[in-house]
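*Asks:* Each chain, letter by letter, is given below.
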Amino acid sequence: MSSRESPLKQLVLNLLLGLAILVMLFPFVWMIMMSLKTQVQNTAATPVWFFTPVLDNYINVIERNNFLVFTKNSLIVALAATVIGMVLGLPAAYSIARFKQRGLSLWILVSRIIPYITFLLPLFLVFTKLNLIGSFTALIASHLIITLPLIVWITIAFFEDIPTDLEEAALVDGSSRAGAFVRIILPLVAPGVITAGILAMIFSWNQFLFSLILGGPNTKTVPVAVFNFLSYGSQDYGAIAAAAVLITLPIILLSLTVQRYIVKGLTAGGVKG
Amino acid sequence: MSVAPIPTPTRRRPPNRSFSSWLDRNIRWVFPMPALLALFALTILPLIFNLVLSTQERSVSDALPSSFVGLGNYLGALKDPRFWNSVKLMFQFTLIAVPVQMLLGLGLALLLNRTMRASGLIRAVVLLPMISTPVAVALIWALMMDPNLGVLNYFLQTLGLERSLWLADVRLVIPALAMVDIWQWTPLVSLILLAGLQTMPDEPFEAARIDGASPWQVFRFITWPMLQASIFAALTLRLIDALKTFDIIEVMTQGGPGSASETLNVYAYHTGFEFLRVGYTAALLSLLLVIVAVVAVGVNLLRRRV
Numbered sequence: 001m002s003s004r005e006s007p008l009k010q011l012v013l014n015l016l017l018g019l020a021i022l023v024m025l026f027p028f029v030w031m032i033m034m035s036l037k038t039q040v041q042n043t044a045a046t047p048v049w050f051f052t053p054v055l056d057n058y059i060n061v062i063e064r065n066n067f068l069v070f071t072k073n074s075l076i077v078a079l080a081a082t083v084i085g086m087v088l089g090l091p092a093a094y095s096i097a098r099f100k101q102r103g104l105s106l107w108i109l110v111s112r113i114i115p116y117i118t119f120l121l122p123l124f125l126v127f128t129k130l131n132l133i134g135s136f137t138a139l140i141a142s143h144l145i146i147t148l149p150l151i152v153w154i155t156i157a158f159f160e161d162i163p164t165d166l167e168e169a170a171l172v173d174g175s176s177r178a179g180a181f182v183r184i185i186l187p188l189v190a191p192g193v194i195t196a197g198i199l200a201m202i203f204s205w206n207q208f209l210f211s212l213i214l215g216g217p218n219t220k221t222v223p224v225a226v227f228n229f230l231s232y233g234s235q236d237y238g239a240i241a242a243a244a245v246l247i248t249l250p251i252i253l254l255s256l257t258v259q260r261y262i263v264k265g266l267t268a269g270g271v272k273g
Numbered sequence: 001m002s003v004a005p006i007p008t009p010t011r012r013r014p015p016n017r018s019f020s021s022w023l024d025r026n027i028r029w030v031f032p033m034p035a036l037l038a039l040f041a042l043t044i045l046p047l048i049f050n051l052v053l054s055t056q057e058r059s060v061s062d063a064l065p066s067s068f069v070g071l072g073n074y075l076g077a078l079k080d081p082r083f084w085n086s087v088k089l090m091f092q093f094t095l096i097a098v099p100v101q102m103l104l105g106l107g108l109a110l111l112l113n114r115t116m117r118a119s120g121l122i123r124a125v126v127l128l129p130m131i132s133t134p135v136a137v138a139l140i141w142a143l144m145m146d147p148n149l150g151v152l153n154y155f156l157q158t159l160g161l162e163r164s165l166w167l168a169d170v171r172l173v174i175p176a177l178a179m180v181d182i183w184q185w186t187p188l189v190s191l192i193l194l195a196g197l198q199t200m201p202d203e204p205f206e207a208a209r210i211d212g213a214s215p216w217q218v219f220r221f222i223t224w225p226m227l228q229a230s231i232f233a234a235l236t237l238r239l240i241d242a243l244k245t246f247d248i249i250e251v252m253t254q255g256g257p258g259s260a261s262e263t264l265n266v267y268a269y270h271t272g273f274e275f276l277r278v279g280y281t282a283a284l285l286s287l288l289l290v291i292v293a294v295v296a297v298g299v300n301l302l303r304r305r306v
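Chains as they are written, first to last, in the UniProt record's numbering: chain A, 1 to 273; chain B, 1 to 306.
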């Protein structure tokens, strides 16, 4: 189509696209700039655009605010919820794909439409009764609500792409179905499994509400830690920006590897509460 | 013509393989079962429990006895001005955010569709807002919207406009929050619509060009009808999520100033986890669920009409 556009029209449309991208990027650029400025520069009446970057804010956040401990907590929860989600979800996704059990994928709809806080209230009461509030068990279980449907939904498409011949050949050779699943099919869908795993980890990492209510002092995840840090009246803008950069950075790096599937993940899994 | 059945050789399995053969025969329900049980325990059961809770007068603490109140909590909600305020704010937020992001998302999709050859980097940039941790997004925007030092007021002044209180202004707080939602989710709308645009066949466009159709006519009579499925998919998704928005609002304003940005989700959170009124909160959540479901079903009924 662009071949028929006049140079003027092309210029205008490219400028519009450039503007849109600038608007999308600006908050990130601004956040990074704030994180590298001193408190004096950040509180200047007119924004300071040119400055010598300092790393004090990062040192402050990492050393004084236990950021690494919270990062470790987030990683434990995200990894466990992803691995358990896969152990439970991959056989289910395979079965749905192979036997066309479309009805089963309705379960994903439940987790998509219902506000997370509706699950959270009963889970909070049950976990309180079981003395599990503040434990990794409670956090990982609640994060399964995010990771499991997502893993099932994403990998169904990958399982559907595997030709049945390979599996049938294995069955003829005397392999059991479960054996064929583990030895033949899983290796073939490895790229899909990795994609689903990375997306599940991203969504678990981003999760705020479950971690806020079900977490405790020893299991506080990064988003909750940063939220508390802010709500205790911190006026240290540079540190807040540095914390925001530190939460976002791993997600950006991970997401670049699964770019193509992110929209599918967002439309299937649901990211917010 | 009749064909004699070919006798299948009966393979004799050793006894220790009986579990394996049982598994083979029942694999279509054995394989999904663990996931179904987990999801039942984590989503369906809590949902049912929430309904039960909504009929009780009950506090988180076991020290206070709980009692059955039937529909009392629901009737209480219908008489609660703060409930109605929260419903109003929820719809205000949604009705500002979603139409704007649908329009901007369509525009962006059409722009991206022209230049998809240079797309790798652009696509990566477009993904950034929607994959970012909501708490981080809320923090960045809260800093940018600071009435005294925020960079947004600096931009307004540079453009010769009045400074704004943003989140501190009772009338502006919902539009300001909607603005963050628009920034974050317009990219998703545009990527869904872009996927729709890129699967369209070339022939109708060629034919229209030969017939001398204007760009508007091409859009109205060719692009739009073919894009409808994607548009309704994006619209449904965004309506559902906008109604449920929690992280951004709770982090940026905690429902304030006063209760000027206390949407139903946020109100339920405060009654549940600050005031610990479990039964009433459960009723609020059931009502929220009904509203979201009605909107989702409504949009899809509309889709069949159009």
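FYI, nobody ran anything at the bench for these hints, they're computed from the structure.
Hints should not be assumed to be uniformly reliable.
Not everything, but these chain B residues come out facing chain A in the computed CB check (under 8 angstroms) [unchecked claim]:
1) Pro46
2) Pro134
3) Phe273
4) Leu276
Predicted model only: the values in this text are computed from it and were never measured.
All C-beta atoms, glycine included, are put in the ideal place defined by N, C-alpha and C.
*Asks:* Could you run down the list of hints and mark each one as holding or not?
*Replies:* Here's how the hints hold up against the structure:
Interface restraint check for Pro46 of chain B: the shortest CB-CB distance to chain A comes to about 4 angstroms, inside 8 angstroms, so the restraint holds. Hint on Pro134 of chain B holds. Least Cβ distance to chain A is approximately 6 angstroms, under the 8 angstroms limit. Because the closest C-beta pair between Phe273 of chain B and chain A is about 6 angstroms apart, less than 8 angstroms, the hint holds. A distance limit of 8 angstroms between C-beta atoms decides the matter here; for Leu276 of chain B the minimum to chain A is near 10 angstroms, and the interface restraint is violated.
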